[in-house]
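Visitor: Listed below, chain by chain, are the residues.
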Amino acid sequence: MTFEVGSGLSIGAILVTVIIVAAMLIWVERRLLSLWQERLGPNRVGYFGLLQVVADMIKIFTKEDWIPPFADKFSFVLAPGIIMGVILLSFSVIPFAPGVGVVDSNIGVLFILAMASLGAYSVMLGGLSSNNKYALLGALRATAQMISYEVFMGISMLGVVALTGSFNLREIVLAQSDGWYVIPQFVGFVIFLIAGIAESHRLPFDIPEAEQEICSGYHTEYSGMKFGMFFVGEYLGLVLIASLITVLFFGGWLGPAFLPPIVWFSIKVFGFIAFFILLRAAVPRPRYDQLMSYGWLFLLPVSLINLLVTGAIILSIQ
Amino acid sequence: MYNLIKDTLISQVVTLWQVMMHMFVKADTVEYPEEMPYMFPRWRGRIILSRDPDGEERCVACNLCAVACPVDCIALQKTEDEEGRWYPEFFRINFSRCIMCGFCEEACPTNAIQLTPDFEMAEYVRQDMVWEKEDLLISGTGKYHDYNFYRVAGKKIGGKDKGEALNEAVPVNVRSLLP
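Respectively, the protein sequence lines represent chains A and B. Those letters in the first sequence? Residues 235 to 552, per the working numbering, in order. Those letters in the second sequence? Residues 745 to 923, per the working numbering, in order.
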């Protein structure tokens, strides 16, 4: 295992930028949703409502941070920290631009999969320690969903890894200078997109926190900044999945030279975030068992066939 | 297989496209404090007490509005002036209870109590939501301009005897046998 660590300045800049972007997504999502639903959305606080996030933060910090007496205090406090930490750690291997990134590791893809698996602990602990039936149901659904969809997520990434011959995300981006992997790996891209949405439990796969069925799922009992951390953690996961799709299938920072690489990366990531929000605005939520059978009976065979065909083509070319 | 693809993929893509096209539709939102929405004349908002065309109070303190009120937010007391006209000594509406149902307006026999399109009635102090007669009375006739109860009713008041009202026949002398 080899890796190179970026400078302290760029690490700090990336950390701050990622968290600010994730927080601003609260405003972006509400504005985009209202755009598609013929409303205006938050436009009162600051120009175009840009300071809505600040207002939300002030509200959430001054709220009572209540731990229910029946909850298991240690894991209750630990759970929101896990999701933030794990997703921020995943960002360490993302190559944002040439020379911009935290760690340049040769096991980047595996590291992200490992961190995604750890993320399941956050929702599981949060739901279990709340000692609340809705939270337990939410945690049950979240755990099952995340563990199942990790399988297809990993397998759909393997096609890209096989084409590049490396687990290093930076090399995967550089290998796409001839053409983006979305064309040879279109099936893998679609599966990764679906699995990624399920992994970050966004709508339409927000079954673990389906408000209409089970309150808020695993974070029913959370309040104040602990809820805020779950909330920002969800948006961080959204940014992470969008960056991963960009890196794996859409050539990362590569693009025509009239814009700097980091801008190309941001444009692509924002495009996918907007697409995820459009999914939220348009697509209804499937039933829990439908999601499970769809994953295991449809996505798993398709992703396996995709991997086998990719491998066969690579071997026949060599 | 075809049905699966049609149901799961094509239908979803069509939905996504149609929702995205709503980007180009103007938002329905009315930005209220800057832009006032059009209030319809029959909107059931703030309650007023109107006056008749001669400038006298229309309310005859019959208590029908208070009886009709489902939340009992109207309180009034009848009194009489030297001409024999009835009018409320006090008339009090508790707007923190009022549900703007308009039953009082329907019950009112003299068109005195009326609902107006004004809805901006928020107060900081709860006691300020209780409106007295001098707050409720307006100087105009409200929605009905020509109606004057004492001019059409058979009630005898000062300056108008029995049989002198509009469309009213002179009372029959029941003790007389002659037709």
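In short, the hints are calculated from the structure, not lab data. Fair warning: this is a prediction, and the values are worked out from it, not measured in the lab. Any given hint might turn out to be false.
As the list claims (entries may be wrong) - DMTMM-like cross-link-like pairs, simulated, lysine to aspartate or glutamate; straight-line CA separation at most 25 Å:
(1) B:Lys770 <-> A:Asp523
(2) B:Lys750 <-> A:Asp440
(3) B:Lys750 <-> A:Asp523
Visitor: For every hint, state whether the structure bears it out.
Guide: So, going through the hints one by one against the coordinates:
no.	hint	verdict
1	B:Lys770 <-> A:Asp523	violated, 39 Å
2	B:Lys750 <-> A:Asp440	holds, 23 Å
3	B:Lys750 <-> A:Asp523	holds, 20 Å
The structure is inconsistent with hint 1 alone, although it conforms to all the rest.
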